[in-house]
Amino acid sequence: MKKKILFTTFFICSFTIAFTQALSTNEAKTLLEKVDASTNFSGYDFTADYAIVQDVPGQGKSIMAAKIHRRDTISAYTILMTEPQKDKGKAYLQRDNTIWFFDPADKKFTSTSAKDSFQNTNVQQKDFAPQTFSNDYSIAETKKEKLGSLDVVYFYLKAKTNQSDYPIVKIWVSEDGLLRKKEEYSLSGQLLRSTAIPSYQKVRSNNIERFLPVAMLIVDNLRGKKIDGKMDYEKTQVSIKNVSFEKLSDLVYTKQYLELAH
Amino acid sequence: MLKLKLANEVRIASRTIIHNFSRYLALVLLTLFSFAIALSSLAIMNGMLYSMREKARVYYGGDLQFIGGNGSLNIYNSEELTSRLEKILASHISIRSRIDYGADYDKILFFEGNSVPIRIIKGLDFAVNHDLFQYFNFLSGSFYEVEKDNGILISSAIAEKLQVKVGDSLTLYLDNFQRKIDTTQVVIKGIFLDTSLFGMYSVYMDLENLRNTINAPKDYINRIGLYFPKGKEPSRFEIENIQKLLENEFGIEHIHPLSNDKDDFYAAMYKTKSRPYYALIPLDANLKDLRQIIEAMKIIIYGLSALLIIIVMIGISSTYRVIIAKRVREIGIYVSQGFSDRRIALIFLSEVIFIIITGFLAGILSAFAIIYFVSSLDFSSIPAFDLFLSNGSLLSRYSFIHTLVIFSSVFVTTLVSVLFTIRKAIQIDPAKALSNPE
Numbered sequence: 047m048k049k050k051i052l053f054t055t056f057f058i059c060s061f062t063i064a065f066t067q068a069l070s071t072n073e074a075k076t077l078l079e080k081v082d083a084s085t086n087f088s089g090y091d092f093t094a095d096y097a098i099v100q101d102v103p104g105q106g107k108s109i110m111a112a113k114i115h116r117r118d119t120i121s122a123y124t125i126l127m128t129e130p131q132k133d134k135g136k137a138y139l140q141r142d143n144t145i146w147f148f149d150p151a152d153k154k155f156t157s158t159s160a161k162d163s164f165q166n167t168n169v170q171q172k173d174f175a176p177q178t179f180s181n182d183y184s185i186a187e188t189k190k191e192k193l194g195s196l197d198v199v200y201f202y203l204k205a206k207t208n209q210s211d212y213p214i215v216k217i218w219v220s221e222d223g224l225l226r227k228k229e230e231y232s233l234s235g236q237l238l239r240s241t242a243i244p245s246y247q248k249v250r251s252n253n254i255e256r257f258l259p260v261a262m263l264i265v266d267n268l269r270g271k272k273i274d275g276k277m278d279y280e281k282t283q284v285s286i287k288n289v290s291f292e293k294l295s296d297l298v299y300t301k302q303y304l305e306l307a308h
Numbered sequence: 011m012l013k014l015k016l017a018n019e020v021r022i023a024s025r026t027i028i029h030n031f032s033r034y035l036a037l038v039l040l041t042l043f044s045f046a047i048a049l050s051s052l053a054i055m056n057g058m059l060y061s062m063r064e065k066a067r068v069y070y071g072g073d074l075q076f077i078g079g080n081g082s083l084n085i086y087n088s089e090e091l092t093s094r095l096e097k098i099l100a101s102h103i104s105i106r107s108r109i110d111y112g113a114d115y116d117k118i119l120f121f122e123g124n125s126v127p128i129r130i131i132k133g134l135d136f137a138v139n140h141d142l143f144q145y146f147n148f149l150s151g152s153f154y155e156v157e158k159d160n161g162i163l164i165s166s167a168i169a170e171k172l173q174v175k176v177g178d179s180l181t182l183y184l185d186n187f188q189r190k191i192d193t194t195q196v197v198i199k200g201i202f203l204d205t206s207l208f209g210m211y212s213v214y215m216d217l218e219n220l221r222n223t224i225n226a227p228k229d230y231i232n233r234i235g236l237y238f239p240k241g242k243e244p245s246r247f248e249i250e251n252i253q254k255l256l257e258n259e260f261g262i263e264h265i266h267p268l269s270n271d272k273d274d275f276y277a278a279m280y281k282t283k284s285r286p287y288y289a290l291i292p293l294d295a296n297l298k299d300l301r302q303i304i305e306a307m308k309i310i311i312y313g314l315s316a317l318l319i320i321i322v323m324i325g326i327s328s329t330y331r332v333i334i335a336k337r338v339r340e341i342g343i344y345v346s347q348g349f350s351d352r353r354i355a356l357i358f359l360s361e362v363i364f365i366i367i368t369g370f371l372a373g374i375l376s377a378f379a380i381i382y383f384v385s386s387l388d389f390s391s392i393p394a395f396d397l398f399l400s401n402g403s404l405l406s407r408y409s410f411i412h413t414l415v416i417f418s419s420v421f422v423t424t425l426v427s428v429l430f431t432i433r434k435a436i437q438i439d440p441a442k443a444l445s446n447p448e
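Chains A and B are the protein sequences, given in the same order.
In short: position in the first sequence from 1, add 46, done, that's the numbering used here.
In short: position in the second sequence from 1, add 10, done, that's the numbering used here.
Hints are not guaranteed to be accurate.
Cβ pair distances, simulated, as ranges [claimed, not checked]:
hint, chain 1, residue 1, chain 2, residue 2, range
1, B, 170, A, 234, 36 to 42 Å
2, A, 221, B, 276, 50 to 56 Å
3, B, 393, A, 276, 31 to 37 Å
4, B, 175, A, 119, 53 to 59 Å
5, B, 395, A, 244, 49 to 55 Å
6, A, 89, B, 86, 22 to 28 Å
7, A, 192, B, 280, 51 to 57 Å
8, A, 73, B, 116, 35 to 41 Å
9, B, 158, A, 157, 39 to 45 Å
10, A, 162, B, 276, 21 to 27 Å
For the record, the hints were derived by calculation from the structure and aren't laboratory data.
Given the structure is predicted, the values throughout are model-derived calculations rather than measurements.
Just so it is clear, CB atoms sit at the ideal spot from N, CA and C, and this is done for glycine as well.
Start from the sequences and build out the full structure, keeping to the hints where you can.
What follows is the structure, encoded as structure tokens:
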């Protein structure tokens with residue numbers, strides 16, 4: 047009996063040590079590059095319909111929809127608002143490191159920043175662009191963890207440059223290189239924003255096969271409302287469907303297209 | 011002899027007015043009303059401009075600001091600069107360093123999920139800035155002990171939006187000096203009333219605490235305020251003298267020519283990255299955006315005063331035309347008794363002077379009453395009007411010069427126009443005048 051207990055204890059400890067041990071530097075770097083690659087569609091165009099549900103505690107939910115076109119080879123994207131009706135025709139264009147917002151009401155373009163929120167939701171403009179963790183951050187710590195039922199690798203990343211979006215980022219990556227959870231922190235370590243990606247969909251189009259999130263839940267960990275003594279934070283759910291990798295005209299990534307599209 | 015004659019004419023005039031006061035009452039009231047409105051409007055306008063200037067002094071940092079750096083508005087050697095300024099400037103000028111953490115950086119205050127973006131964080135040494143904050147209208151708390159617990163002073167507008175009170179701990183989210191997103195906890199020490207564009211979304215912190223919060227170097231500031239004693243703002247001559255002292259101390263190539271346009275200086279400074287380049291900025295240069303409002307306000311009040319002077323002048327001279335027309339017989343008696351035209355004119359002019367002086371004195375008293383009443387009202391609920399208020403009320407600044415100008419204008423213009431009317435009336439044949447039934 048004693049032997050049995052000893053064996054079980056030894057087995058549990060070995061398993062825990064093996065699972066929680068840090069990855070080698072190279073393994074960690076490779077996995078991080080894999081995460082970046084999984085969000086990058088260089089070499090072809092990406093088109094999808096995004097359904098965005100914004101939940102502001104005390105104010106209820108608002109629903110919007112947008113059509114996204116991305117050409118990561120030239121770091122360009124176009125977002126056309128399709129719902130609600132009052133916002134139809136509003137559009138964003140990223141070209142040459144500048145993000146333009148087009149309002150059909152006054153037919154004017156105004157520049158916006160990657161850190162700015164998208165249509166007053168918790169989605170930021172940068173969320174529509176590929177991730178660049180391996181370039182912008184250095185790996186401070188890694189360890190294997192369980193995230194729910196998933197085996198994941200936890201990364202503690204520190205910004206290498208002042209251009210990085212957040213000074214500290216924690217991410218949880220499944221072994222297939224897909225991002226499952228992300229937490230963004232201030233320099234002093236306060237949690238500012240969390241993103242969860244519970245499930246992915248396999249998409250095949252134009253002979254290209256990629257994994258894309260079915261939905262993402264973005265929580266703003268500063269904005270919200272205290273209800274019955276408990277903080278309820280603002281959150282935005284983004285669902286992605288009708289994905290296509292068909293080639294698009296160059297015109298799609300121009301201001302002219304935004305003016306014509308509405 | 012002349013004195014005696016003059017005394018006679020004044021006596022005749024005063025007797026006429028006293029015996030027929032009801033005839034002149036309307037004129038006295040018109041003069042009183044005009045003086046009262048003109049003087050009180052000017053005093054209140056002066057008070058409004060004074061309040062705005064005081065707010066601007068707190069907001070921009072003194073009557074004069076010394077700013078600059080090597081190609082950007084950053085001073086990394088504040089102690090050295092301050093001691094050099096102390097060496098050359100007169101002892102009555104108070105030299106105070108500060109950080110204005112402004113528009114180039116994101117700054118948001120959070121409390122239990124609510125957020126308010128803030129326009130500017132001002133970091134000051136409260137030990138040497140007590141005098142400025144004594145005039146703040148604190149609704150709760152105060153500026154004492156703001157250095158403790160990373161204290162912060164916020165406006166009532168921010169407090170209402172965040173639903174916070176003194177003692178609450180807020181999260182301050184900002185882009186730090188290295189442009190990295192950072193957060194820190196700040197504790198509310200005081201909530202002040204200021205709905206003006208200067209104060210509404212401005213917050214105040216201790217200089218050292220702000221330096222640590224934004225992770226700036228130890229000796230870092232971005233402006234030095236030069237404060238003159240309260241109520242003794244520097245004249246153009248004094249400003250030019252200080253400019254000369256700065257040019258001698260730092261070298262003419264390091265000091266921008268005195269200008270009322272800050273943009274000129276910025277353009278020159280951004281080009282001179284290899285050497286420090288500073289400027290002396292008068293407070294008026296910071297009020298460029300408000301200049302139109304100030305000018306419009308002055309035009310309205312000066313225009314109103316001029317209009318009232320014209321009303322008094324026209325009112326008295328036209329009324330006198332009627333009065334004289336009714337007193338032709340009296341003029342005839344004066345002429346028949348050998349009064350010269352000059353003496354008759356003096357009688358009527360004495361009456362007018364009596365009316366103007368009575369109206370003026372009563373007008374001053376009424377102006378003080380109006381000012382007292384208006385100053386007791388609370389205007390703080392009017393959005394954006396707080397810029398011109400002091401502790402929520404209108405302040406008045408009575409000006410002797412303005413009073414003198416208004417009185418002289420009314421006096422001279424009215425006497426001239428009445429004299430013109432009198433001269434025509436007294437050139438009448440005495441026989442005709444005496445046959446006049448009135």
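Legend entry - Hint check for residue 276(A) and residue 393(B) - Cβ pair distance inside 31 to 37 Å: 35 Å, holds
Inset, instruction - For the range 21 to 27 Å, tell me whether the beta carbons of residue 162(A) and residue 276(B) fit it or not. - result: Taking Cβ atoms as reference, residue 162(A) and residue 276(B) lie about 26 Å apart, which means the hint holds.
Inset, instruction - Return holds or violated for the Cβ distance of residue 170(B) and residue 234(A) against the range 36 to 42 Å. - result: 28 Å, violated
Legend entry - Supplied distance hint 53 to 59 Å, evaluated on CB atoms of residue 175(B) and residue 119(A): 54 Å, holds
Inset, instruction - With respect to the beta-carbon atoms only, verify the hint that residue 395(B) and residue 244(A) lie 49 to 55 Å apart. - result: The hint (49 to 55 Å, Cβ to Cβ) holds, given that residue 395(B) and residue 244(A) are roughly 53 Å apart.
Inset, instruction - Confirm or reject the claim that residue 73(A) and residue 116(B) have a C-beta distance inside 35 to 41 Å. - result: 37 Å, holds
Legend entry - Range agreement (Cβ of residue 157(A) with Cβ of residue 158(B), hint 39 to 45 Å): 42 Å, holds
Inset, instruction - Please test the hint of 22 to 28 Å on the beta carbon pair from residue 89(A) and residue 86(B). - result: 48 Å, violated
Inset, instruction - May I ask you to test the hint 50 to 56 Å on the CB atoms belonging to residue 221(A) and residue 276(B)? - result: 54 Å, holds
Legend entry - Outcome for the supplied range 51 to 57 Å, where the beta carbon pair is residue 192(A) and residue 280(B): At roughly 54 Å between Cβ atoms, residue 280(B) and residue 192(A) fall inside 51 to 57 Å, so the hint holds.
Violated hints, listed in ascending order, are 1 and 6; each of the other numbered hints is respected by the structure.
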